[in-house]
Structure formats: structure tokens, C-alpha cells
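Number of protein chains: 2
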Amino acid sequence: MSDATSQDAYRQQMARKKRLIDARVNKADRDQGVLLVNTGNGKGKSSAGFGVIARALGHDMPVGVVQFIKGAFSTGEETFFRRLPGVDYHVMGEGFTWETQDRERDIAAARRAWDQATRMLGDTRYGVVLLDELNIVLDKALLPLDEVLDALRRRPRMQHVIVTGRRAPQVLIDLADTVTWMKMEKHAFKAGIRAQKGMEL
Amino acid sequence: MSDATSQDAYRQQMARKKRLIDARVNKADRDQGVLLVNTGNGKGKSSAGFGVIARALGHDMPVGVVQFIKGAFSTGEETFFRRLPGVDYHVMGEGFTWETQDRERDIAAARRAWDQATRMLGDTRYGVVLLDELNIVLDKALLPLDEVLDALRRRPRMQHVIVTGRRAPQVLIDLADTVTWMKMEKHAFKAGIRAQKGMEL
Numbered sequence: 018m019s020d021a022t023s024q025d026a027y028r029q030q031m032a033r034k035k036r037l038i039d040a041r042v043n044k045a046d047r048d049q050g051v052l053l054v055n056t057g058n059g060k061g062k063s064s065a066g067f068g069v070i071a072r073a074l075g076h077d078m079p080v081g082v083v084q085f086i087k088g089a090f091s092t093g094e095e096t097f098f099r100r101l102p103g104v105d106y107h108v109m110g111e112g113f114t115w116e117t118q119d120r121e122r123d124i125a126a127a128r129r130a131w132d133q134a135t136r137m138l139g140d141t142r143y144g145v146v147l148l149d150e151l152n153i154v155l156d157k158a159l160l161p162l163d164e165v166l167d168a169l170r171r172r173p174r175m176q177h178v179i180v181t182g183r184r185a186p187q188v189l190i191d192l193a194d195t196v197t198w199m200k201m202e203k204h205a206f207k208a209g210i211r212a213q214k215g216m217e218l
Numbered sequence: 018m019s020d021a022t023s024q025d026a027y028r029q030q031m032a033r034k035k036r037l038i039d040a041r042v043n044k045a046d047r048d049q050g051v052l053l054v055n056t057g058n059g060k061g062k063s064s065a066g067f068g069v070i071a072r073a074l075g076h077d078m079p080v081g082v083v084q085f086i087k088g089a090f091s092t093g094e095e096t097f098f099r100r101l102p103g104v105d106y107h108v109m110g111e112g113f114t115w116e117t118q119d120r121e122r123d124i125a126a127a128r129r130a131w132d133q134a135t136r137m138l139g140d141t142r143y144g145v146v147l148l149d150e151l152n153i154v155l156d157k158a159l160l161p162l163d164e165v166l167d168a169l170r171r172r173p174r175m176q177h178v179i180v181t182g183r184r185a186p187q188v189l190i191d192l193a194d195t196v197t198w199m200k201m202e203k204h205a206f207k208a209g210i211r212a213q214k215g216m217e218l
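One line per chain: the protein sequences are B and S, in this order. The numbering of the first sequence is this note's numbering, which starts it at 18 and goes up by one. The numbering of the second sequence is this note's numbering, which starts it at 18 and goes up by one.
Possibly wrong hints are sitting among the right ones.
Copies of the same chain look alike in the list, so a pair counts if it fits in one copy or across any two.
What the hints assert, rightly or not - Taking lysine to aspartate or glutamate pairs in the EDC-like style, the calculated list, with each CA pair at most 20 Å apart, reads:
1) Lys-214 x Asp-46
2) Lys-34 x Asp-119
3) Lys-35 x Glu-121
4) Lys-203 x Asp-191
5) Lys-157 x Asp-25
6) Lys-207 x Glu-95
7) Lys-157 x Glu-121
8) Lys-157 x Asp-167
9) Lys-35 x Asp-25
10) Lys-35 x Asp-119
Because the hints were derived from the structure by calculation, they are not lab data.
The following block holds chain B by itself, in its conformation from the complex (with noise of 0.2 Å):
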């Protein structure tokens, strides 16, 4: 193939593709806050939903983190996130659920965290709202699911919300207007590795 057609296909390649997604583009012509469930067991799950919340920041949106799961990971992001303005962040009190071993007291602080939530997902300022980790919590049913979806159901129709975690309720899925799969190939830590500050920590 010579140089001429080899680009010539290049070009009518890439033509192609573009009146493709052209045509995609001028089909979606709604503007609505967008559902979106991160769930899967692989690595990346909350980093896209702070992924997100760093890219409404730089369009001056105020955002509201509640992170239902505390633990030793993800410390990285709440140091980094609490000290910028235009964050609202919470941190649900108890650690893992595997380290409390104590559903009354799971509940109780699953509650509390919700509380934060609610308020944010009634309030019109928050363009971002990111729940990291609710799956785990609806999993375990340690918040009643037909609250949660109401609660969702009901927020500002421009607001985003963004949960994330293992396991999303199939009734959630069906709520989102975006769930991405996020499916673990490898992982640094089964060869071997400890989480690594500044990638898992």
C-alpha cells in the first residue's frame, strides 16, 4: 500500500468516525443531572468519582463528598480534597465494617453519614454529590434501599450524584443513567506489592 492510500484510508477512516459520533452528539439534546454508579470489583471505582469531583471544581461547582467506608485506604484523597474551598466532606465515623464487627453500630454510623447526604441531595448548590462506598452499605442493608433511591429520585434535576462501590443493587443500576462494570484483570497486590502511597493510599 503506498503512502497516498495508506492516508487517503487514514483520512476517510477517521471521516467516517467523526460523522458517526457527530450524528450521536446532535441526537442527545437533554441537560439533567446525571446519575452515575461506579460498581465491580475493580480498582478504580472511587478514584473516577473523585476523578469527577476534581473536574467540577474546575468549573467552580460546589461538591459534597460523604464517604461511607473509612478505612486505612484513600487517605490521599481526603488530605488533598478537605483543604480545597468548595468541598463539603464527610467521613462516616466507623472504620471497615470487617474491622467493627458490630451491625448496631454499623447501622448507627451508616445513619449518620446519611444524614449528611440527605441534606446535600435537597440543597441546589451542590452541583456534584459523590456517596464513595454506598454500595457496600446498601449491601449489607444497613440503610433501607427505598429511602435511598427516593432521596435520589427527588434531588435537584440539575445535581449529579455519583456512588460508588462493589455490589450496586440491581434497582439502583436501573435508577442511574450511567453504571460503568469496573471488572479487576490484575491487581498489584495479589503479585505481591502492598497498596502503594500515592496509587492505593
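Position chain S against the provided structure of chain B, taking the given hints into account.
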């Protein structure tokens, strides 16, 4: 089941989980830079990369970002991270390849971006380097794959690198420590919601 029994079952389940996790944590005892690859067709590959960048900044680690595909998307992150200290941010000059439709120009732009990347990959001061959408560049063979793999292999031992984008080459997946496949289950765009500020933009 009585409350006491249920509480007891919960405690036992969580204690079992804790033992499993502790055992895995104890087995992972090496410290090294992690090569993370986020691929697949779902939303979150770049956002998760930017979330890790935020995590690293929380530990005051200097970071480098090279965005290989500049487009209409992701303007929020760029604005946000560019204004922070400790962030070295580069964007490849041209738009999406399907906007330019000129292979030679795309190759030249990829080379200039890769020059920035190799500089970072050769410098121990960068704790984390994000090579955003590099997979697309590799998939289109705009850079020699061997040269990229070689630079990744020879980087400082403790440096973390994140490579994002659809269609990661298998050899890159083989080299990586952690790989997440992000699968699109649902996308707001397909339901007619246009790209929203703070979510996609």
C-alpha cells in the same frame, strides 16, 4: 432468627472477612512503583487516573500529566489540575484524530507529547505520571509500541504510571501490575442526555 443470633452471625462473618484480608495484607510485602492500566469502553478510565493524581497530591507527591488526545471533553480536569502547584501538565496539540483526519500530523503530535512523557519517565522527582489516552495512540500505531514499553520498564523503581484509553495493547496489559477493565453497562448519552458540565466536560 433472634437479634442476638443475627448480631452474632454478622460478627462471625465480618471476623472471617477480616482474617482473609489481614492474611492477604501480610502476604503483600514488596514496595515498588505500580503500572496501572485503565481500559475498556466504559466511563471512568481517565477520571480514575485523575483521582489517583489527586490522591498523590494529598501526599504532596509531584505528578506529571500528559493528555495524548485533546478534545472537547475533560476541560474541567485540565483547568483544575493546571492551577495546582506540583502538577506538570501537558496536552498534545491536536484534537481528536477523527477531527484532524491527517495521519502524519497525528504522528508528529504524538511524538511531541511522548517527548514530554519520556522526560517525566526518566525523572525520579515525578511520583506519579498519568499518560491519558496513550492506549488510543498505541492502538493507532502513532508511536512505536516497543519504544513505549521500554520507557515504562526503565522508569524509576518507585514511580507509579497510569495509562488510560480504550483498546490497551495486550503486551501493555502483560507488563502492567494492575489492570481495570471498565465496561459500559449504561450511558446517559445513549439515553439522549448531552455531555454535562462537571460530569463529562
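For this session: Could you tell me which of the hints above the structure violates, numbers in ascending order?
Result: 6
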